[in-house]
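Chain A is already provided as a structure; the job is to place chains B and C on it using the hints.
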Amino acid sequence: VSPEANYPLGCWYIAGTSDEVGRQLIRRRLLDRDVVLFRQASGAVVALEDRCAHRSFPLSHGRLEGDLLVCGYHGFTYDAAGSCVRVPSQDHVPYGARVDAFEVREQPPFVWIWLGAPGESGRRAPYHPSWLHEEGWTSWGGQGHIDANHLLIHEDLLDLTAAPFVYPEIAPPVLLSPPPLEVEVTETSVSYHRTFPSGRLSGWQAGATGLAEDQDYEQSESGTFVSPALWVGGWEVGAPTEHGDVHRLAWAYALTPAGPTSTHVIWIAARNWATAQPAITEYMAPRFEEFFRRRKSVLEAVQANLDGSDRRGVSVSADAAGLRAREIVATMLAQERGRAVLRPR
Amino acid sequence: VSPEANYPLGCWYIAGTSDEVGRQLIRRRLLDRDVVLFRQASGAVVALEDRCAHRSFPLSHGRLEGDLLVCGYHGFTYDAAGSCVRVPSQDHVPYGARVDAFEVREQPPFVWIWLGAPGESGRRAPYHPSWLHEEGWTSWGGQGHIDANHLLIHEDLLDLTAAPFVYPEIAPPVLLSPPPLEVEVTETSVSYHRTFPSGRLSGWQAGATGLAEDQDYEQSESGTFVSPALWVGGWEVGAPTEHGDVHRLAWAYALTPAGPTSTHVIWIAARNWATAQPAITEYMAPRFEEFFRRRKSVLEAVQANLDGSDRRGVSVSADAAGLRAREIVATMLAQERGRAVLRPR
Amino acid sequence: VSPEANYPLGCWYIAGTSDEVGRQLIRRRLLDRDVVLFRQASGAVVALEDRCAHRSFPLSHGRLEGDLLVCGYHGFTYDAAGSCVRVPSQDHVPYGARVDAFEVREQPPFVWIWLGAPGESGRRAPYHPSWLHEEGWTSWGGQGHIDANHLLIHEDLLDLTAAPFVYPEIAPPVLLSPPPLEVEVTETSVSYHRTFPSGRLSGWQAGATGLAEDQDYEQSESGTFVSPALWVGGWEVGAPTEHGDVHRLAWAYALTPAGPTSTHVIWIAARNWATAQPAITEYMAPRFEEFFRRRKSVLEAVQANLDGSDRRGVSVSADAAGLRAREIVATMLAQERGRAVLRPR
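Chains as they are written, first to last, in my numbering: chain A, 1 to 345; chain B, 346 to 690; chain C, 691 to 1035.
So here's chain A without its partners, still in its complex pose (with noise of 0.2 Å):
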């Protein structure tokens, strides 16, 4: 049984970080497409669809020459917008070579795409987490590649009660008993947040703290499905900073799908203490790192068990927002088959 797509094309997705794209060319799997990713110049990101208007072959394979792209195979050129404006072999342009431009926005660490109808990109807007911008943080981050579906993935991010099972010697103690979720939904997004009852921090977090490991703090957990793209949350520890907040911990995970059982996966993760500590960082970064591949590892098994079917299962309480964001991935297919708004290729 091979699956059906079950993501939405009108919806920004993120193509990738704004440290990788830049002058050289980058070809990558989005909504079931190829583009290429490159920079202008003028620093703008340019995303093409990665197929020659001539013989099919990569553009992702040839050079850029200025702004423009030549393609490896006859040297035919494209613009920014995907117009082919020079065939070497010949004096005049064919009317109508041209291949697909997307849309696309810049927020660092984020380049947003837009794959869905041209002309709706409007409709909707990528969302930019405060703590990445903002001062008082700071940041770091990965990505990776997980081969499952995309909603697999929220589903596992929208509830923390495996982390005891999955990374048992790094899970934080308190989540072996955790009180219920409250769970927030509005049209197109899902909330969820728990305070658990004071209680010890594990030894990675008391490390990258430097809070004591024998004493009980106050500490809550928060997520929230933004859309199909994107994914964010936090964990706070009620003790002090040395600014004088309470200890916050926030990370997004952006989910592209690359097929129905292929996700592209850029995390990107941020403190509100220490943060001109790199050695704060090195300390946490691999603990993330972890996190991504032990998640990887079972969902990868999850999709494997699968065998192509999209099958549910029994669910629980626990799978309350998890639920709440396939609904919203649901309506918003309907509705974008309903509106037969596919971008015709």
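Computed, partial: chain B to chain C, Cβ under 7 Å:
#, residue
1, Ala646
2, Val647
3, Val661
As a list, the in silico DMTMM-like pairs of lysine to aspartate or glutamate whose alpha-carbon atoms are at most 25 Å apart:
#, chain 1, residue 1, chain 2, residue 2
4, B, Lys641, B, Glu365
5, A, Lys296, B, Asp379
6, C, Lys986, C, Glu710
7, A, Lys296, B, Glu394
8, A, Lys296, A, Glu327
9, B, Lys641, C, Glu739
10, B, Lys641, B, Glu672
11, C, Lys986, A, Asp34
12, C, Lys986, C, Glu694
13, C, Lys986, C, Glu972
14, B, Lys641, B, Glu514
15, A, Lys296, A, Glu169
16, B, Lys641, B, Asp652
17, A, Lys296, A, Asp307
18, B, Lys641, C, Asp724
19, A, Lys296, A, Asp32
20, C, Lys986, A, Glu49
21, C, Lys986, C, Asp709
Just so you know, the hints here were simulated from the structure itself, not pulled from any lab data.
The beta carbon of each residue, even a glycine, is placed where N, CA and C say it ideally should be.
Quick look at chains B and C alone, frame taken from chain A:
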């Protein structure tokens, strides 16, 4: 062309050996289902669907807690009947949370499993060769995987005229000019028997028995398609052992389809002479491994050459038993499908 | 999307080279069939379906016994006409036991094969370039596999405007501003020719001919789509060889589809100068290997980028010959399918 499954579900198959099933979790693909196998503290073997009822994580990636199986994702916990008995994140277990449990019967060295319609397992019975429990025999074995349909393997086992071509240096020389097979059929089994004119032994037969390489001996072969799950056979050399009986070699091939072109194979061999001499087992075992390897190599080449079709080809007298086995399986399949006894998934 | 086969069966294709076909058995995939090739003691080449009529074992895994081919599974033995002439396990051969035999014509260095409707092979004929049998030429060649549809390769060969982009450092510099092609078509072939204004040679052309790198020479290129099986072409430099003729380079690409996106390629090149100097061949051969490797790399990227579709794309003047070749093949296919001359399998 993707081949259709041609194995009856309503049949006892061999899931594994008594030796390998213990307190660790084994995942095995049986009749296109993923099954997790383990042994309870009491020694009883448990076989469950290897897919958590909650979010489809493989239970074989989890761990045992006494006789309970704890999922490695969110900790859903199952008893030997497949019922979920604990969900760590909440107080009650959702109604209907369970995975399929499969009936198991152990007759060492085999662990049998029933994957057909529940409640119909009594209509058939596992078969136990007498030489596996009678005194006066010693046995050894191995297992492996053949990427071929189970019926190709049965056909191969039910006709030894391939031996001089596939194993020219180890096939008994009397096989070069075989008398016709005597074939006996019942409604559900096929047996063949052939007594050769007196002839020489092959080098390894002489080495294994201590008999003379330059003398002629009466020899006979026999084999039985017991069920889609099992072939048993034997070879006799008409010379007395230390106990006065003729030399008898017996062996069994357990065939458990993993899918239409993939079969798990467990083989076991036994002899009635030199039963207390491990050196003779060490001498014979590598030859039997070599038989398995060549059989595997030939049958995988046949399967690959079928291009997914179930092309039959011209048959000859030596195929009589194999063809009858095919008819028996076809009848079992027709009955099963007519009666719609498929286990709901 | 699984692409449909778009090669006519009713056409002589090249199965292999005279050098490689001998007394060992070669298995080759040709037009989606498995064929075993060998040479009889008399020297005649035999091509049979590579699948025993009995149980489908590949005959290429067997062995030759004189001019007979013995299957490696049960010893079924075939003559050069594909008739089974011996079944070791019984006295008579079953009626109708045979495999397909394919008509072969050898014109060194090529072994041609007819895989179309039997009896129609006389309607077309293999084509033999004159420079392969005339005096005054010396040749060399190679072979390989390109995972692309044969028409993508034909198109690539029928238009050299890719050369400055794909082989920038080895393409003749005159190709950078090519005059228009002159294209000549017949019902079943397409030829193109182009004479360049006088210009420099590339470094390797000068090295191979001993001509000056800093002088201008008249140069011309030509090429012909002879049939779906063969492209031949040439390059001339208007300066006299030691024999007084102009320097002529000729080459041929034999394309034999293995399947819809996989083509076996045999190429051969020849020159009319320095024919007795192996050092010149050693100098030129690696450049031609490099041409093949880059062509392979480009065409496999194109094929992969088509996602299984036969997307055509925008065409330009330089595609005139390639488009005509596509029409010829489409006409051949339509005639063949209309007349239902497919060989029954």
